[in-house]
Amino acid sequence: MSDAQVIGAEATDDWGSDQARRRVRRRYAADRRLQAYGIIAISLAVGLLGVLVTSLVSTGYPAFIQTKVDLPIYIDPAKVDPQDPRSGKYRALVREAVDKAVPGIPDDQKRSIGKILSSDASYIVRDYVVDHPDVIGKTITLPIAVSDPYDQLYKGVIPKEVDALNWTQVAWFDRLENRGLVVEHDGRKSLKLDVYVNPEIVEAGPPPSGDFAVLAQSSLKAYLPRIIDTSLVEMLAADAPEAIGDRIAADPGIIGKTVQIYFPLSPHYVTLANGETPKILNSRFSEDQLEAFDLLDEKGLVRTPFNWELFFNADSRFPERAGLAGAITGSFYALLVCFLLSFPIGIAAAVYLEEFAPKNRFTDLIEVNINNLAAVPSVVFGLLGLAVFLGFFGLPRSAPLVGGMVLSLMTLPTIIITTRAALKAVPPSIREAALGVGASKHQVMMHHVLPLALPGILTGTIIGMAQALGETAPLLLIGMNAFIPSVENMGILEPATALPTQIFSWADSPERGFVSRTSAAILVLLGFLVIMNIIAITLRQMFQRKW
Amino acid sequence: MEAKVEERPAIRVEAPAVPQKKEGALPVEQHELKMKASDVNLWYGEKQALFDVNLEMFGQSVTALIGPSGCGKSTFLRCLDRMNDVIDGCRVEGDIRLDGQDIYAPRVDPVQLRARVGMVFQKPNPFPKSIFENVAYGPRIHGLCKTKADYTEIVEKSLTRAGLWEEVKDRLDESGTGLSGGQQQRLCIARAISVNPEVLLMDEPCSALDPIATAKIETLMDELKQNLCIVIVTHSMQQAARVSQRTAFFHLGKLVEVDETSKIFTNPTDQRTQDYVTGRFG
Chain A
826 MSDAQVIGAE
836 ATDDWGSDQA
846 RRRVRRRYAA
856 DRRLQAYGII
866 AISLAVGLLG
876 VLVTSLVSTG
886 YPAFIQTKVD
896 LPIYIDPAKV
906 DPQDPRSGKY
916 RALVREAVDK
926 AVPGIPDDQK
936 RSIGKILSSD
946 ASYIVRDYVV
956 DHPDVIGKTI
966 TLPIAVSDPY
976 DQLYKGVIPK
986 EVDALNWTQV
996 AWFDRLENRG
1006 LVVEHDGRKS
1016 LKLDVYVNPE
1026 IVEAGPPPSG
1036 DFAVLAQSSL
1046 KAYLPRIIDT
1056 SLVEMLAADA
1066 PEAIGDRIAA
1076 DPGIIGKTVQ
1086 IYFPLSPHYV
1096 TLANGETPKI
1106 LNSRFSEDQL
1116 EAFDLLDEKG
1126 LVRTPFNWEL
1136 FFNADSRFPE
1146 RAGLAGAITG
1156 SFYALLVCFL
1166 LSFPIGIAAA
1176 VYLEEFAPKN
1186 RFTDLIEVNI
1196 NNLAAVPSVV
1206 FGLLGLAVFL
1216 GFFGLPRSAP
1226 LVGGMVLSLM
1236 TLPTIIITTR
1246 AALKAVPPSI
1256 REAALGVGAS
1266 KHQVMMHHVL
1276 PLALPGILTG
1286 TIIGMAQALG
1296 ETAPLLLIGM
1306 NAFIPSVENM
1316 GILEPATALP
1326 TQIFSWADSP
1336 ERGFVSRTSA
1346 AILVLLGFLV
1356 IMNIIAITLR
1366 QMFQRKW
Chain B
104 MEAKVEERPA
114 IRVEAPAVPQ
124 KKEGALPVEQ
134 HELKMKASDV
144 NLWYGEKQAL
154 FDVNLEMFGQ
164 SVTALIGPSG
174 CGKSTFLRCL
184 DRMNDVIDGC
194 RVEGDIRLDG
204 QDIYAPRVDP
214 VQLRARVGMV
224 FQKPNPFPKS
234 IFENVAYGPR
244 IHGLCKTKAD
254 YTEIVEKSLT
264 RAGLWEEVKD
274 RLDESGTGLS
284 GGQQQRLCIA
294 RAISVNPEVL
304 LMDEPCSALD
314 PIATAKIETL
324 MDELKQNLCI
334 VIVTHSMQQA
344 ARVSQRTAFF
354 HLGKLVEVDE
364 TSKIFTNPTD
374 QRTQDYVTGR
384 FG
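Protein chains in written order, with this note's numbering: chain A, 826 to 1372; chain B, 104 to 385.
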């Protein structure tokens, strides 16, 4: 006891001692460590965000431009009735226009060349003519979107040619080459293989006969043990087995013996042996189409303008025509319903709970449950909406009304919680001041507390709305991922889709063009979120008051 | 007295208003008895904060409530305009009368009561609105004014009474929170007197202010008491001695002694009062 006191007295009194200095050093080290952890955590978060945005932008930017062909089209009055422009023969018009732009296509290829253009080409022309009936009988130049493969080709997303050989084939060939088996023979790159000229397979002839191909393949396989990939026998040129026949013809005595035979290599492997990478044409293109496409390009008809259709077109099966207008409209309606429901209800509930509700078990229970609701997975709300709104009340499927109702179930807890926090943050002195001059509870609330809490309430509401904007699962469950090819008939009660569900269905589509469009749609969604957050910050600063 | 009650029909007359001027023979008590608290007990939940407090407050004078922290003087002050009503679990028993009417009677509307009994708080708490709106708010919610000119008049009158008019008359549109601490507190006083209260309760109004601002407020109280019954809670005994005519000493929730201020500070009856005012405990 007394010892401890002495030590303690020394330690605290002598600030210059080694112990004291060590303690100070340790304290500083701990401070710096804590800071370092924070900096590491923040840079990690920022780095990950950077990776996300970079990857989205790098995959998504091609979707913001669209390859189009400025095609001069003669709107033939014989094919389009000026009285009824909607039912003209537009497919034929487009085919004629292509014929004119790319002269000299044989008849049997006309169909194939037409596939350079979007399958919707005739509808693009039709829509234009319906909007502008006076062009009938004139030649117009319309930018027509090209089909997805050519769009991707022109943007450089997919190559014209792909590798002819896969990496196993290249690796096994390298192995043979390293053993010195690839040699120049008779002016051809050949494989020098030991062949056991099996008397059961070949006969001396003359002329020598037998299944030389099998013999050649089996001797090659002997060099490539444990190989299941039968494509490797394609290493040999088509005429390679004849080398066996030639040898037997020259010397029938080799039957039953093992001899060295030079087998010429097939063309791809010859290229490989020459140190180049063999290429073949991408199977999505044909030579004729490429030729025609290059011709259009040379004429300067192919352009890549900004893809406004991404924002103004509705969905389409063809990626080159698909846009987000339907999804944006659907999301707007759903958020509108969500806001109209959750904002007043949320604020009313929060004001009651915070200012008027008596403190008892029942209100405690309500409070706990509201907090719990904020943590309920959104898919559960989706199921609830499916069962109650669609199943029980029989509201229309896929409609923004139901979507908004389900989303408002999700945003309500957020709004209630943030509103209560904002009300709590209003200093009690303001309430007292108002009560002191004789304001009623209602007047205190409406004149002082709510206006002061408004920035916080708005921030919470917009954050809740942003959350709702990005919510996918509940919308999928109530079917708000409808295929909407036109925004004309959209309404609160009509089937619709929303931004996140549109992203979901595009991500599911096999066409190459939807890959970049998915990223682009995500960027658009993120853009809306950023805008909403900026609005929240602006509103907060606008209404912020000091006290 | 009777006639005055009838002017305010919302407050039900519980008992006939009997002026009790005869009690005591002190000069200040020649004024009318404005508020009277009898046997006030107060509980915060289970905890009793006030024990049998009996206090009379007279018009046209200042009554100071002094005592150590937590002795219940602010709590008692808040009973006088029923500000304790908004605190959960607060229960008041006893009888508090304003002009002879029980202010805790069931039919008394606390909102109208607070128009008659104004309050100024410890920390200046102007609304985050313009100076004009701060003062006009009370008349507005009580419907005292009809036209814009009425408001302008009442704002000017109140600010003048609060001694703030000369300083702010050119910037009535600026925020009340932009004023200095002393000006804010005078703005709060102007706000409180804008509805013509009969009683003004002040809860340590100068504790957040510097001595110059304090002096201004004290002068102001001297002027205001010509028309008002002022009850002030203060921790500064010098202040109590300077501004008040009567002083009540609270200790541990009980009213120990109440008398003329000069008597409390020079010749108190109770030993505890003696100890407190001479700074021996507190």
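Just so you know, these hints were derived from the structure itself, not from any lab. Certain hints may be false.
Unchecked claim - Only pairs whose alpha carbons sit at most 35 Å apart, straight line, appear in this in silico DSBU-like list of lysine-lysine:
1) A:Lys-1104 / B:Lys-272
2) B:Lys-249 / A:Lys-1266
3) A:Lys-1249 / B:Lys-226
4) B:Lys-139 / A:Lys-1266
5) B:Lys-226 / A:Lys-1014
6) A:Lys-1266 / B:Lys-366
7) B:Lys-232 / A:Lys-1184
8) A:Lys-1082 / A:Lys-985
9) A:Lys-1249 / B:Lys-357
10) A:Lys-985 / B:Lys-226
11) B:Lys-260 / A:Lys-1266
12) B:Lys-226 / A:Lys-1184
13) A:Lys-1249 / B:Lys-150
Evaluation of the provided hints:
no., hint, verdict
1, A:Lys-1104 / B:Lys-272, "violated, 88 Å"
2, B:Lys-249 / A:Lys-1266, "holds, 23 Å"
3, A:Lys-1249 / B:Lys-226, "holds, 19 Å"
4, B:Lys-139 / A:Lys-1266, "holds, 27 Å"
5, B:Lys-226 / A:Lys-1014, "violated, 98 Å"
6, A:Lys-1266 / B:Lys-366, "violated, 42 Å"
7, B:Lys-232 / A:Lys-1184, "holds, 32 Å"
8, A:Lys-1082 / A:Lys-985, "violated, 48 Å"
9, A:Lys-1249 / B:Lys-357, "holds, 33 Å"
10, A:Lys-985 / B:Lys-226, "violated, 78 Å"
11, B:Lys-260 / A:Lys-1266, "holds, 28 Å"
12, B:Lys-226 / A:Lys-1184, "holds, 28 Å"
13, A:Lys-1249 / B:Lys-150, "holds, 25 Å"
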